[in-house]
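Residue numbers (my numbering), protein chains in the order written: chain A, 1 to 266; chain B, 1001 to 1251.
It is possible that part of the hints are untrue.
[What the hints assert, rightly or not] Here are the simulated DSBU-like cross-link-like pairs (lysine-lysine), alpha carbons at most 35 Å apart as the crow flies:
#: 1; chain 1: A; residue 1: Lys79; chain 2: B; residue 2: Lys1013
#: 2; chain 1: A; residue 1: Lys136; chain 2: B; residue 2: Lys1014
#: 3; chain 1: B; residue 1: Lys1160; chain 2: A; residue 2: Lys79
#: 4; chain 1: B; residue 1: Lys1014; chain 2: A; residue 2: Lys79
[As the list claims (entries may be wrong)] One-sided excerpt, in silico: chain A residues whose CB lies under 7 Å from chain B:
#: 5; residue: Thr53
#: 6; residue: His73
#: 7; residue: Thr75
#: 8; residue: Arg78
#: 9; residue: Lys79
#: 10; residue: Val83
#: 11; residue: Phe85
#: 12; residue: Asp91
#: 13; residue: Glu93
#: 14; residue: Ile102
#: 15; residue: Val105
Simulated from the structure, these hints should not be mistaken for lab results. These figures come from a predicted structure and were not determined experimentally. All C-beta atoms, glycine included, are put in the ideal place defined by N, C-alpha and C.
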Amino acid sequence: MGDQSIIRVQHVVKTFGKVTAVNDVSFDVRAGEIFAFLGPNGAGKTTTIKMLTTLLHPTSGALELDGLDVTTHQTEVRKRFGVVFQDPSLDSELTAWENMDIHGVLYHVPRQVRRARCEVLLRMFELWDRRDDLVKTFSGGMKRRLEIARGLLHTPKVLFLDEPTLGLDPQSRNQMWTHVRDLRGSEGVTVFLTTHYMDEADRVADRIAVIDHGRIVATGSSAELKQQTGTDSLEAAFLALTGTTIRDESATAADQMRQVARVWRR
Amino acid sequence: MAVVFVLWLRELKKYLRSRVQIVASLGTPLMYLGVLGFGLGPVFQRAGEGSYLQFMAPGVIGMTVLFTAMFSGIAMLWDRQFGFLKETLVAPVPRLAIMIGRTLGGATVAVLQGTLIFGVTLIAGFRPVSLLAVPLAFLVIALIAVIFSALATAIGSSLKEMQGFQMVMNFLVLPTFFLSGAIYPLEGLPRVLGALTRLDPLTYGVDRRGARVADREDAFRSCVGRCGAAGRWGPVRDVRCVAVLKNRGLA
Chain A
1 MGDQSIIRVQ
11 HVVKTFGKVT
21 AVNDVSFDVR
31 AGEIFAFLGP
41 NGAGKTTTIK
51 MLTTLLHPTS
61 GALELDGLDV
71 TTHQTEVRKR
81 FGVVFQDPSL
91 DSELTAWENM
101 DIHGVLYHVP
111 RQVRRARCEV
121 LLRMFELWDR
131 RDDLVKTFSG
141 GMKRRLEIAR
151 GLLHTPKVLF
161 LDEPTLGLDP
171 QSRNQMWTHV
181 RDLRGSEGVT
191 VFLTTHYMDE
201 ADRVADRIAV
211 IDHGRIVATG
221 SSAELKQQTG
231 TDSLEAAFLA
241 LTGTTIRDES
251 ATAADQMRQV
261 ARVWRR
Chain B
1001 MAVVFVLWLR
1011 ELKKYLRSRV
1021 QIVASLGTPL
1031 MYLGVLGFGL
1041 GPVFQRAGEG
1051 SYLQFMAPGV
1061 IGMTVLFTAM
1071 FSGIAMLWDR
1081 QFGFLKETLV
1091 APVPRLAIMI
1101 GRTLGGATVA
1111 VLQGTLIFGV
1121 TLIAGFRPVS
1131 LLAVPLAFLV
1141 IALIAVIFSA
1151 LATAIGSSLK
1161 EMQGFQMVMN
1171 FLVLPTFFLS
1181 GAIYPLEGLP
1191 RVLGALTRLD
1201 PLTYGVDRRG
1211 ARVADREDAF
1221 RSCVGRCGAA
1231 GRWGPVRDVR
1241 CVAVLKNRGL
1251 A
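Excised from the complex, chain B in its bound form (with noise of 0.2 Å):
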């Protein structure tokens, strides 16, 4: 336990320290609210849908979760051949507890990069419909997290390869986040696609037909069904992790 939480400290405290790295990262998301979002913001109002600042934003938290996660997680392929991990590795713990202890630190950094943006879409303009909403869309935002940050573990672990994060961004990454419906509605669009949809994680996150912060009918409803969802994918990734440094002669 000693040693969970103080890899997820070594987490967060590196999150904190790196005061220019948390700026540097407001980027991307700045850029997709700003340029998108005003962009086709007047499309999106013809085409009768409403405020496309309010339909994107937990777009644009769900991407920046989906981002740090990931990112924090394929740090490790980096660190594993050179860097930090090495020393956890022949560490007299189970690799069960690193993993653990890296994903829960990644899915809070991720967390709190969240909440960040969260702050920057109301500064912007966005407006959740309730106050209840708000604690529900934390919850859905911290699952989130978890499953990427998980999955992020598992890939860095298995990658050897500094090319092999390019073909995690191209193939992996941005699909995620095209498909989950954080930029466009999902509705009517070809089966191919909308079976893809259904099998994104990051969909049940921040599809619109589910609770989203700015929805208005049963968020409860809908938020409790999606954690079901998200929590099932979590778990699963950590013990594959663990499978895959079995397999390769680590654990």
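This is chain A alone, in the form it adopts within the complex (with noise of 0.2 Å):
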């Protein structure tokens, strides 16, 4: 794939009011690559695949994807990626057949080439036997794997995965990065994903951005990483470069809710 860029991230700035969230962050993700961004909690890792999705606008800099402006081409944008959020957003008292329908109506794939997509994606997610089950029936892990499968429908450039493994046990968390690595082998689409699981970085990740109060503090693959912080794991590497402290995020109402979502969930 060479070392063209399919995003591009410049001088980015972000600020709520007093708190700047992310402070003159840039960075470059190739296509084809698996890129993780890796920081501690409220670090600016969402609020950065929050721009990079068209769903917040940076204060200041620039953000493009496949050379294209996201500020600016916000729908054309919208076409070249699919996201997993944090949350989920899974209609669950709809089949997973049905979620998948409606996006692919929502992003204007026509009737024959959805429902081929549709039987490719389930089947390759082990999920097509549950089709026509509604989505609250499921497992954590299958309704992750539902909603990458359903990010991949329209054929994405790129895929943005924020946290994906959140919530899962260890099982789910091993299947869902095996299905992860076959996709660019597959789909040929370039994953950008954020965790906090270093291990799970260090094993699907091509390239590696280490983010800290808002400012990106390295970037690397994770031996480089690990040779430039002269540390033997990935995980000593990351305590080395955003320090030990630990993080007080500042609950806002918004975690307040997303507390009580999950609990809901249940």
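With the hints as a guide, bring both chains together as one complex.
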């Protein structure tokens, strides 16, 4: 795929009132790679994803996806990426197939292509047998798989995964990453993911950017980061880069609602 | 167009699948009809106003439409942060299509629920004046449903926290219901209150001075008049709703 960048972020700043969530961040993601965004809680990972997925405007700086300005070409950009958010965005009162189908309509995928793609993806993510079951009867891992399958339905160039394994058991996590790695072969899609499980980033990512306090503190492959910090594991490298103090995230109203939502969904 | 349709269909499917919810949502209107209806009936009659059930049935239908439409719209608040709405917000479709799809979906559900209650009032002994009045009444029901569904969608997209929901219930939904003349006649109210009732869109749907299903005189004329009044509200709300989303940098 060469060194062609599919995502280009330059000097991006995002402030909420007095809080600077993302502070002069720049990085490139190459076409076809799996790029991991690592950082402690509240480091600015989700804010960055929200800006790249057109849900937030940057305060300043430039974001480009597939050569298009994310802020000025929203609709075009939206056709080119799929996204799996931290909080589930499936409709649990609908079946797996219906969730897929609505997505296809929203992305203007012609009916026949839609049907074919739905089948291919549901089979790939081992959900074909459950396609007519309501999503609320699915396990956490199945829901996540369905979300990824849905995100790929319109054959996007980039797939954003915001902490896709959060709250999953080790078996599901393992399976999830196997799927994600296979995607590059089968779909040729660039994957941009955030996580704070070091071992996972170590296993799947081609390149990693470490973000802390809204700034990128290091970029490189897992081996490069270890070398740079003189450590032998990515976890040690991460701690060396970001320090060992625990972050006291100020709990926002959204965080409180998220907690309620999680309890509700059980 | 396909987008509007698919979002409308989604609301409808969800409604038809939630049988338990459908039954549960009959509770409040039944309570009003049963408890309030039979409780206040004799008083109403003694005051020389005739049958309270005849008076109240359209009000209870209106209430059902109001509550159902408002709830479906406000569910969006929840949906926006933690649910399906996000999926639609990153899709390459205009915000207005999303709003219209949701509004029409919520309105359709409200009409269905209103129809259900209409059936219940018939069983309870409510009798529309004439067959001609029934389709007209449904037109009015549909308009109320669209207005409040659009209003709720607008509110749902501007609220940030669940606490706001209580506010909307206490300061908007309940006053809208009480001031509409759904449970008592609006004649002879203090002037301030009278003015408020005229600002209330629901009044144009249920007040007996206009065409009610039970009314005798020129149902048609006032029905058409009220469609005009009701229709003016709906589109305004949808436009405002998009404006709100735009303001927040979402559109």
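Results for each hint:
1. A:Lys79 with B:Lys1013: It holds: about 27 Å lies between the C-alpha atoms, which stays within 35 Å.
2. A:Lys136 with B:Lys1014: Given pair Lys136 of chain A, Lys1014 of chain B holds - Cα atoms ~12 Å apart, limit 35 Å.
3. B:Lys1160 with A:Lys79: holds (28 Å)
4. B:Lys1014 with A:Lys79: Answer holds: Lys1014 of chain B to Lys79 of chain A is near 27 Å, not above 35 Å.
5. Thr53: Holds. Min distance 5 Å.
6. His73: violated (10 Å)
7. Thr75: holds (5 Å)
8. Arg78: Cβ of Arg78 of chain A sits 4 Å from chain B, so the hint holds.
9. Lys79: holds (5 Å)
10. Val83: holds (6 Å)
11. Phe85: OK, holds: Phe85 of chain A within 7 Å of chain B, min 6 Å.
12. Asp91: holds (4 Å)
13. Glu93: holds (5 Å)
14. Ile102: Cβ of Ile102 of chain A sits 5 Å from chain B, so the hint holds.
15. Val105: holds (4 Å)
Hint compliance for this structure: hint 6 alone is broken.
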